[in-house]
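Peer 1: Required output: the full structure, derived from the provided sequences and hints.
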Amino acid sequence: MTIASSSPPSRLPVGGAEGARTTPRTRAAKAREGGGDGRLAAVFLAPALLGFLVFLLWPTLRGIYLSFTRFNLLTPAQWVGLDNYDRMVHDPIFWDSLRVTVVYVVINIGVQTVSALAIAVLLQRLTQSAVLRGIVLTPYLMSNVVAGIVWLWVLDTQLGIGNEIIAGLGFDRIPFLNDETWAIPTIALINVWRHVGYTALLLFAGLQAIPNDMYEAAKVDGASEWRMFWRITLPLLRPVLAVVLIMTVIGSFQVFDTVAVATNGGPANATNVLQFYIYGSAFGRFQFGYASAMSVALLVVLSAITVLQYRITRAGQTDLG
Amino acid sequence: MAAVTAPPTRTSPVSVRPLRRRPSVGRVAAWVVMAAIVLVTLLPFYWILRTALSSNTALAAHPGDPLPVDFTTGGFERALGLQSTKEAIAQGGAAGGLKFWRYLINSVVVSTLITVCQIFCSAMAAYAFARLRWRGRDKVFGLFLAGLMVPTIFTLLPNFVLIKQLGLIDNLLGIALPTMFMTPFAVFFLRQFFMNVPREVEEAALLDGAGKVRIFFRVMLPMASTPILTLGVLTYITSWNDYFWPLMVSYSDSSRVLTVALAIFRAQTPQTGYDWSGLMAATLIAALPMLLLFGVFARRIVSTISFTGVK
Numbered sequence: 001m002t003i004a005s006s007s008p009p010s011r012l013p014v015g016g017a018e019g020a021r022t023t024p025r026t027r028a029a030k031a032r033e034g035g036g037d038g039r040l041a042a043v044f045l046a047p048a049l050l051g052f053l054v055f056l057l058w059p060t061l062r063g064i065y066l067s068f069t070r071f072n073l074l075t076p077a078q079w080v081g082l083d084n085y086d087r088m089v090h091d092p093i094f095w096d097s098l099r100v101t102v103v104y105v106v107i108n109i110g111v112q113t114v115s116a117l118a119i120a121v122l123l124q125r126l127t128q129s130a131v132l133r134g135i136v137l138t139p140y141l142m143s144n145v146v147a148g149i150v151w152l153w154v155l156d157t158q159l160g161i162g163n164e165i166i167a168g169l170g171f172d173r174i175p176f177l178n179d180e181t182w183a184i185p186t187i188a189l190i191n192v193w194r195h196v197g198y199t200a201l202l203l204f205a206g207l208q209a210i211p212n213d214m215y216e217a218a219k220v221d222g223a224s225e226w227r228m229f230w231r232i233t234l235p236l237l238r239p240v241l242a243v244v245l246i247m248t249v250i251g252s253f254q255v256f257d258t259v260a261v262a263t264n265g266g267p268a269n270a271t272n273v274l275q276f277y278i279y280g281s282a283f284g285r286f287q288f289g290y291a292s293a294m295s296v297a298l299l300v301v302l303s304a305i306t307v308l309q310y311r312i313t314r315a316g317q318t319d320l321g
Numbered sequence: 001m002a003a004v005t006a007p008p009t010r011t012s013p014v015s016v017r018p019l020r021r022r023p024s025v026g027r028v029a030a031w032v033v034m035a036a037i038v039l040v041t042l043l044p045f046y047w048i049l050r051t052a053l054s055s056n057t058a059l060a061a062h063p064g065d066p067l068p069v070d071f072t073t074g075g076f077e078r079a080l081g082l083q084s085t086k087e088a089i090a091q092g093g094a095a096g097g098l099k100f101w102r103y104l105i106n107s108v109v110v111s112t113l114i115t116v117c118q119i120f121c122s123a124m125a126a127y128a129f130a131r132l133r134w135r136g137r138d139k140v141f142g143l144f145l146a147g148l149m150v151p152t153i154f155t156l157l158p159n160f161v162l163i164k165q166l167g168l169i170d171n172l173l174g175i176a177l178p179t180m181f182m183t184p185f186a187v188f189f190l191r192q193f194f195m196n197v198p199r200e201v202e203e204a205a206l207l208d209g210a211g212k213v214r215i216f217f218r219v220m221l222p223m224a225s226t227p228i229l230t231l232g233v234l235t236y237i238t239s240w241n242d243y244f245w246p247l248m249v250s251y252s253d254s255s256r257v258l259t260v261a262l263a264i265f266r267a268q269t270p271q272t273g274y275d276w277s278g279l280m281a282a283t284l285i286a287a288l289p290m291l292l293l294f295g296v297f298a299r300r301i302v303s304t305i306s307f308t309g310v311k
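Chains V and W are the protein sequences, given in the same order.
Read left to right, the first sequence gives residues 1 to 321 (UniProt numbering).
Read left to right, the second sequence gives residues 1 to 311 (UniProt numbering).
Because the hints were derived from the structure by calculation, they are not lab data.
Ideal placement from N, C-alpha and C gives every residue a C-beta, glycine not left out.
Watch out, some of these pointers could steer you wrong.
Here's a subset of chain W near chain V, in silico, CB distances under 8 Å, partners left out [what the hints assert, rightly or not]:
1) M124
2) V150
3) W276
4) T283
Peer 2: This is how it looks when you write it as structure tokens:
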């Protein structure tokens with residue numbers, strides 16, 4: 001599983017092998033090591049630590065602080081206590097956007113996980129072709145903006161090839177992105193298209209770790225591919241699957257770009273996902289405090305999922321044996 | 001049961017092959033599914049090209065035609081801002097084209113700045129976490145790891161306020177700054193690699209009288225070239241494709257990157273009849289650099305991801 005073996009240390013100044021093992025230099029080296037590298041570590045760590053403190057830790061704390069204020073960027077933040085949270089709890093649009101986001105996440109994760117698993121297993125059991133692996137990864141190279149625009153065109157009601165095919169088969173044209181029922185599933189599937197190859201590759205990495213002789217042995221016993229999938233692949237892949245799942249859940253809760261490009265929150269707030277509503281509150285209406293409060297809510301939701309998922313993962317590992 | 005006594009697998013050295021070579025119904029079905037997946041993956045790319053090379057006015061008459069309709073490069077000319085306003089409007093486009101080269105340079109500058117700095121700083125930090133001994137190391141690393149859980153939206157608003165206070169709004173540096181020094185993931189990923197380098201390698205270099213700084217630059221960094229390359233390309237793609245943050249920070253052409261420009265171009269095209277060929281041309285132009293970059297490094301990246309599970 002490590003990548004260390006892939007690049008042999010060819011450029012090493014290999015001179016230490018000449019029986020110099022017992023010279024005092026070794027002891028000196030050891031002493032140096034044992035003494036700690038505090039100062040050097042500080043130098044090496046400084047830039048990353050600066051970035052961490054200034055652009056990650058501090059903003060997190062500041063975001064929490066801002067959620068208790070009224071702040072519009074122009075005048076100093078004004079402490080208002082729990083007002084923003086009170087407003088949030090009574091804001092039907094907030095709850096609606098939370099609902100829309102959850103619907104999005106469920107569809108996105110459900111379809112993506114099943115398809116990624118199918119692709120990964122096909123890549124593993126059918127062919128190990130690197131070309132095919134490269135092909136399934138190509139949509140991942142597109143930005144969400146590009147993916148959004150492309151699918152806007154493919155699914156266009158009048159001119160899109162998708163609807164041409166649907167009409168050609170004798171069905172009614174579907175206004176995928178202009179219909180309140182279809183819009184969120186469509187956005188979810190567009191993002192599946194973009195991300196499924198990457199997720200499949202991560203799962204493929206997990207599959208590679210399953211020893212091939214387990215399949216060999218099962219085959220000798222006359223097990224079918226289907227049975228091997230349920231009895232060998234799935235149980236052994238479960239820890240990897242759980243980790244991949246938590247990462248994709250966290251990622252998909254933060255959907256924004258595709259919505260911004262493809263539907264702009266419409267029709268009738270049908271795709272007004274939480275992140276989009278937060279953005280609108282901050283930059284459309286300059287309610288930074290309120291936007292921060294909603295961000296805190298999102299942070300709480302994500303942390304809860306992470307903790308929950310962590311527990312499930314641990315449970316999954318113990319019964320693996 | 002009989003399997004215990006018979007070691008027949010010896011006779012087939014092809015056991016590396018995932019499945020029996022004998023074509024079965026299941027195998028054929030599996031290939032059909034695989035072909036469908038490839039089709040769904042790639043077809044949109046062809047459709048972009050086909051539309052980009054079509055005449056916008058003629059598209060409406062032949063929406064399902066598999067070949068470009070009334071072949072023209074007008075879409076690309078509009079996207080690149082090479083057409084006059086009159087021409088563009090006549091062909092169903094918007095008046096303002098993309099200042100393509102400006103946005104391309106902006107994207108390159110931002111992505112390069114982020115990738116080079118982030119990976120270098122993260123590699124140094126990763127080395128300090130993996131190979132140097134100092135008090136509180138694990139605690140600080142734990143704090144870094146916790147940073148992985150903070151959703152991006154959470155830091156974006158306060159970071160915007162900070163960048164504004166620093167006077168870096170509408171500035172390329174303002175776009176790059178928040179991710180320029182580190183991401184928890186980059187540090188975590190490279191630390192993982194440095195941890196796996198055998199002790200002997202370091203000891204041999206120490207014996208030669210090399211200091212830790214020298215070891216980092218002359219031994220560790222060259223050894224890590226493959227994971228660094230993979231991480232580098234992934235970081236480049238991520239920062240190139242980023243939309244949300246650049247959208248917040250840039251207001252004018254001087255700092256506009258391709259993704260933002262593309263979204264604006266899309267918003268400009270007439271709502272009544274989209275300039276689809278212009279849009280698709282612009283889309284292709286925005287995506288092409290990443291496709292080329294990936295094309296060059298595809299093999300190494302694909303195998304690094306599929307063997308390590310980079311995320």
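Peer 1: None of the hints should be skipped; say for each whether it holds.
Peer 2: Checked hints:
1. Hint status for M124/W: holds, given a least beta-carbon distance of 4 Å to chain V, under 8 Å.
2. Look at V150/W: its Cβ gets to within about 5 Å of chain V, closer than 8 Å, so that hint holds up.
3. For the restraint placing W276/W at the interface with chain V, the shortest Cβ-Cβ distance is roughly 6 Å, inside the 8 Å limit, so the hint holds.
4. Interface hint status for T283/W: upheld, as the beta-carbon distance to the closest one in chain V is roughly 5 Å, under 8 Å.
No hint from the list above goes unmet by this structure.
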